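From just these sequences and the hints, can you work out the full model?
Letter by letter, the chains look like this.
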Amino acid sequence: MLHSFVTQFAEAAHAAEAEPASGGVFGALGIDWQMLLFQVIGFVVLVLIMGKFVYPILMKAVDQRQENIEEGAKAAEEAEKKAAEAEANIEKLLKKARTEASDIVSTAKAEAGQMVEKAESSAKTRADRIVAEAQEEIAKDVLAARKALEKDTLNLVKQAAGLAVSGVADSKLDAQVIKKAVEGAKK
Amino acid sequence: MMQQFAALDLHIDIKTAPIFHIGDFAVTNAMLTGTVSLLIFFAVFFYVAYKVKNGQYNRFVGLVQWAFEGMLGQINSVIPDKTIARRIMPLAMTIFFYVLISYWMSILPGLDSIKWNGDPILRSIAADMNFTFALAFISLVATQMYAIRQLGGMGNLSRYFRNPIKDPLGSFEGILELIGELSRYTALSLRLFGNCFAGEVLLLIMSVLTGYFAALALPVFMAFELFIGFIQAYVFFILTVIFTSLAISHGPHDDHSTHAKQEAA
Numbered sequence: 001m002l003h004s005f006v007t008q009f010a011e012a013a014h015a016a017e018a019e020p021a022s023g024g025v026f027g028a029l030g031i032d033w034q035m036l037l038f039q040v041i042g043f044v045v046l047v048l049i050m051g052k053f054v055y056p057i058l059m060k061a062v063d064q065r066q067e068n069i070e071e072g073a074k075a076a077e078e079a080e081k082k083a084a085e086a087e088a089n090i091e092k093l094l095k096k097a098r099t100e101a102s103d104i105v106s107t108a109k110a111e112a113g114q115m116v117e118k119a120e121s122s123a124k125t126r127a128d129r130i131v132a133e134a135q136e137e138i139a140k141d142v143l144a145a146r147k148a149l150e151k152d153t154l155n156l157v158k159q160a161a162g163l164a165v166s167g168v169a170d171s172k173l174d175a176q177v178i179k180k181a182v183e184g185a186k187k
Numbered sequence: 001m002m003q004q005f006a007a008l009d010l011h012i013d014i015k016t017a018p019i020f021h022i023g024d025f026a027v028t029n030a031m032l033t034g035t036v037s038l039l040i041f042f043a044v045f046f047y048v049a050y051k052v053k054n055g056q057y058n059r060f061v062g063l064v065q066w067a068f069e070g071m072l073g074q075i076n077s078v079i080p081d082k083t084i085a086r087r088i089m090p091l092a093m094t095i096f097f098y099v100l101i102s103y104w105m106s107i108l109p110g111l112d113s114i115k116w117n118g119d120p121i122l123r124s125i126a127a128d129m130n131f132t133f134a135l136a137f138i139s140l141v142a143t144q145m146y147a148i149r150q151l152g153g154m155g156n157l158s159r160y161f162r163n164p165i166k167d168p169l170g171s172f173e174g175i176l177e178l179i180g181e182l183s184r185y186t187a188l189s190l191r192l193f194g195n196c197f198a199g200e201v202l203l204l205i206m207s208v209l210t211g212y213f214a215a216l217a218l219p220v221f222m223a224f225e226l227f228i229g230f231i232q233a234y235v236f237f238i239l240t241v242i243f244t245s246l247a248i249s250h251g252p253h254d255d256h257s258t259h260a261k262q263e264a265a
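Here the protein sequences come in this chain order: A and S. The working numbering puts the first residue of the first sequence at 1, with every later residue one more than the last. The working numbering puts the first residue of the second sequence at 1, with every later residue one more than the last.
Derived from the structure by calculation, the hints contain no laboratory data. Since the structure is predicted, the reported quantities are computational estimates derived from the model, not experimental observations. Note that CB positions come from ideal geometry on N, CA and C, so glycine has one too. There's no promise every hint is true.
What the hints assert, rightly or not - DSS-like cross-link-like pairs, simulated, lysine-lysine; straight-line CA separation at most 30 Å:
#1 Lys53(S) - Lys52(A)
#2 Lys179(A) - Lys151(A)
#3 Lys60(A) - Lys51(S)
#4 Lys109(A) - Lys82(A)
#5 Lys118(A) - Lys95(A)
#6 Lys15(S) - Lys53(S)
#7 Lys140(A) - Lys180(A)
#8 Lys109(A) - Lys124(A)
#9 Lys92(A) - Lys81(A)
#10 Lys147(A) - Lys124(A)
#11 Lys60(A) - Lys53(S)
#12 Lys158(A) - Lys180(A)
#13 Lys74(A) - Lys51(S)
#14 Lys82(A) - Lys96(A)
#15 Lys124(A) - Lys151(A)
#16 Lys52(A) - Lys115(S)
#17 Lys15(S) - Lys74(A)
#18 Lys96(A) - Lys81(A)
#19 Lys82(A) - Lys92(A)
#20 Lys109(A) - Lys95(A)
#21 Lys81(A) - Lys109(A)
#22 Lys15(S) - Lys115(S)
#23 Lys52(A) - Lys15(S)
#24 Lys115(S) - Lys60(A)
#25 Lys140(A) - Lys172(A)
#26 Lys179(A) - Lys158(A)
#27 Lys53(S) - Lys74(A)
As the list claims (entries may be wrong) - Cβ-to-Cβ under 10 Å is the rule here; a few derived chain S residues that face chain A:
#28 Asp13
#29 Ala30
#30 Leu38
#31 Ile40
#32 Leu72
#33 Met89
#34 Pro90
#35 Leu91
#36 Phe133
#37 Val141
#38 Phe224
#39 Phe227
#40 Ile228
Okay, here's the thing in structure tokens:
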């Protein structure tokens, strides 16, 4: 079985060798110069046609895509650069804002302190003035009260003395007694 | 199974089979498949170019553009000079995509079973040595052209031929470089041919060996061939770019004698 398989190939190979003996090695391999030349010319024409009509279109598309990619990459790079710059700016602004805020806070604190101090001093002055005014008012009231009291006392004394001496003394004595009483009251 | 295999009388021929003649010129089965591949290639790229030009994108256009851009990235990474990379691009791209489509044609069902006068009508053009040699020849000529443009005619020749009296080691190195140059491109063409041809034979043999289970077994090998096709197209493409890069970067500063002189100084 194996023998027939091997001999099948051997016979076929022998037949192939024997047949093209006239063409030599190239003939045995099926190389025909006319056909080879035809194939060369055909393929060169094919390359020229493709190089003239098809590849330039595909190359243009490839170049366009490459250009787009490069532009995109460049834009991304620029955007990244801008973002970094913006971030740096933001950082700078934040730093400045923080410094300014700190300054404002400290200034506000100082101003607030001053204001509080001023308010305190103003309030104190006002309170003192109010107290002084009140004291003055009180003094006036006391004086007025005293005067009224004095007047009332005098009247009362006068009335009391008048009543006490009305039966035993004349008008002259009466007057002297009253006067004495009044002086006593004054003291 | 072996008897059944032998009884099938498989016809595995390295040579492509002529289907018809135009005058003396034989139109082979590989050429027919190559024409179909060419039509698919044109359809795909002209459609994509039309859509891209009009700004109408869809998933297929996106896929082709993605592949195109990926390959362009590969060229740019191998050849730092953008102008030279742009010049080599049409050749390298056409090699990659055309070889890929042609290779993938080899997994089409019926590729070997539809016959005309006993010969299969369809056969991948990548399994035709004329095509792979033609590709390698074009790649070689293009590389030499770019090398001459970059280094000048004499500069390019100095890569291979140096004065054996002044620089014996360098002259030997130059001969090796010349042999290497020829062998590189021969290997490039044989590699593509060998892989594609072997892939077709593998699919044929597997379909015979698996018999009724071929419907289950073949998809696995077809998927494998799709992968190999991509690898081979990529290898041809990247090696063409690398050889060009090597040729244009091989300036006088890489000269062995110059190095020796600099070191001595």
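Comparing the hints with the structure gives:
1. Lys53(S) - Lys52(A): Holds. Lys53(S) to Lys52(A) sits at ~14 Å (cutoff 30 Å).
2. Lys179(A) - Lys151(A): The given pair, whose Cα atoms are some 14 Å apart, holds under the 30 Å limit.
3. Lys60(A) - Lys51(S): Within the cut-off at roughly 13 Å; holds.
4. Lys109(A) - Lys82(A): 39 Å, violated
5. Lys118(A) - Lys95(A): 34 Å, violated
6. Lys15(S) - Lys53(S): 42 Å, violated
7. Lys140(A) - Lys180(A): 29 Å, holds
8. Lys109(A) - Lys124(A): 22 Å, holds
9. Lys92(A) - Lys81(A): 16 Å, holds
10. Lys147(A) - Lys124(A): 33 Å, violated
11. Lys60(A) - Lys53(S): With a Cα-Cα distance of about 9 Å, the restraint between Lys60(A) and Lys53(S) holds, given a limit of 30 Å.
12. Lys158(A) - Lys180(A): Satisfied, since the Cα-Cα distance of roughly 10 Å is no more than 30 Å.
13. Lys74(A) - Lys51(S): 29 Å, holds
14. Lys82(A) - Lys96(A): 20 Å, holds
15. Lys124(A) - Lys151(A): 39 Å, violated
16. Lys52(A) - Lys115(S): 38 Å, violated
17. Lys15(S) - Lys74(A): It is violated: about 57 Å lies between the C-alpha atoms, which goes past 30 Å.
18. Lys96(A) - Lys81(A): 22 Å, holds
19. Lys82(A) - Lys92(A): 15 Å, holds
20. Lys109(A) - Lys95(A): 21 Å, holds
21. Lys81(A) - Lys109(A): Given pair Lys81(A), Lys109(A) is violated - Cα atoms ~41 Å apart, limit 30 Å.
22. Lys15(S) - Lys115(S): The hint holds at about 15 Å.
23. Lys52(A) - Lys15(S): Outside the cut-off at roughly 34 Å; violated.
24. Lys115(S) - Lys60(A): 45 Å, violated
25. Lys140(A) - Lys172(A): At roughly 38 Å apart (the allowed maximum being 30 Å), Lys172(A) and Lys140(A) break the hint.
26. Lys179(A) - Lys158(A): 9 Å, holds
27. Lys53(S) - Lys74(A): 26 Å, holds
28. Asp13: 6 Å, holds
29. Ala30: 9 Å, holds
30. Leu38: 7 Å, holds
31. Ile40: Violated. Min distance 13 Å.
32. Leu72: 6 Å, holds
33. Met89: 7 Å, holds
34. Pro90: 3 Å, holds
35. Leu91: 5 Å, holds
36. Phe133: 6 Å, holds
37. Val141: 9 Å, holds
38. Phe224: 22 Å, violated
39. Phe227: Violated - the Cβ of Phe227(S) stays beyond 10 Å from chain A, reaching only about 25 Å at its closest.
40. Ile228: Check failed: Cβ of Ile228(S) comes no nearer than 21 Å to chain A, outside 10 Å.
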